[in-house]
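Working from the sequences, and respecting the hints, build out all of it.
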Amino acid sequence: AQTVTQSQPEMSVQEAETVTLSCTYDTSESDYYLFWYKQPPSRQMILVIRQEAYKQQNATENRFSVNFQKAAKSFSLKISDSQLGDAAMYFCAYRSLLGNDMRFGAGTRLTVKP
Amino acid sequence: KAGVTQTPRYLIKTRGQQVTLSCSPISGHRSVSWYQQTPGQGLQFLFEYFSETQRNKGNFPGRFSGRQFSNSRSEMNVSTLELGDSALYLCASSGGVREETEAFFGQGTRLTVV
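Residue numbers (our numbering), protein chains in the order written: chain E, 1 to 114; chain V, 1 to 114.
Just to be clear, a hint being listed does not mean it is correct.
Stretches of chain V that chain E covers, calculated by requiring three or more beta carbons in the stretch to come under 8 angstroms of a beta carbon on chain E [unchecked claim]:
# : region
1 : 53-66
2 : 87-93
From chain V, some residues computed to sit far from chain E (all C-beta separations above 12 angstroms) [what the hints assert, rightly or not]:
# : residue
3 : 84
4 : 108
5 : 114
Think of the hints as simulated: they come from the structure by calculation, not from any bench. We put the CB at the ideal spot given by N, CA and C, even for glycine.
What follows is the structure, given as structure tokens:
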């Protein structure tokens, strides 16, 4: 079974600075999807960024980028120019190609200091 | 287009009762997945329905069941409620085919069992 591990329960960053959230996963599959979701206090899970495992190029979405290391099974999220609105729980998630069930990490609570 | 709608938003039930939660996916989406979120266990996959058929199932007891209707709306039922069933229940919808990887989440139903 696939497992996702987020080893940082809490992280803090100064506004306008850069922060990196870590995620590792375990799988025997060669092709899959990885995601970072954000959950603010409103509880709505919002997709931040996704990566297809067959793509070697790291995904980027504006201030958000990932460092995908397939061999190491590592998928970290870098947030540049942090904003107060980035404060939330961040979840790393794994999804197989077949089916639509995602496996989530325990989450990292990000605090942004003004 | 309208997002994923979950009703009700909040629910209080007594131990031993049963409860039904509803999820209306984004128009055109055929896959609906359900997740349970608790502080102790994090986000756990319950089951996925695609075109009225259960396609995947997580590791939950038979008290947790679901169904999907022809219009893709889904319901989740929990019978003989236990205190440990208190959680945020999230549903997510997606196109359901391999190429449509993004899952859109509803705001969840907060269930409290007393």
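Q. Which numbered hints does this structure break?
A. 4
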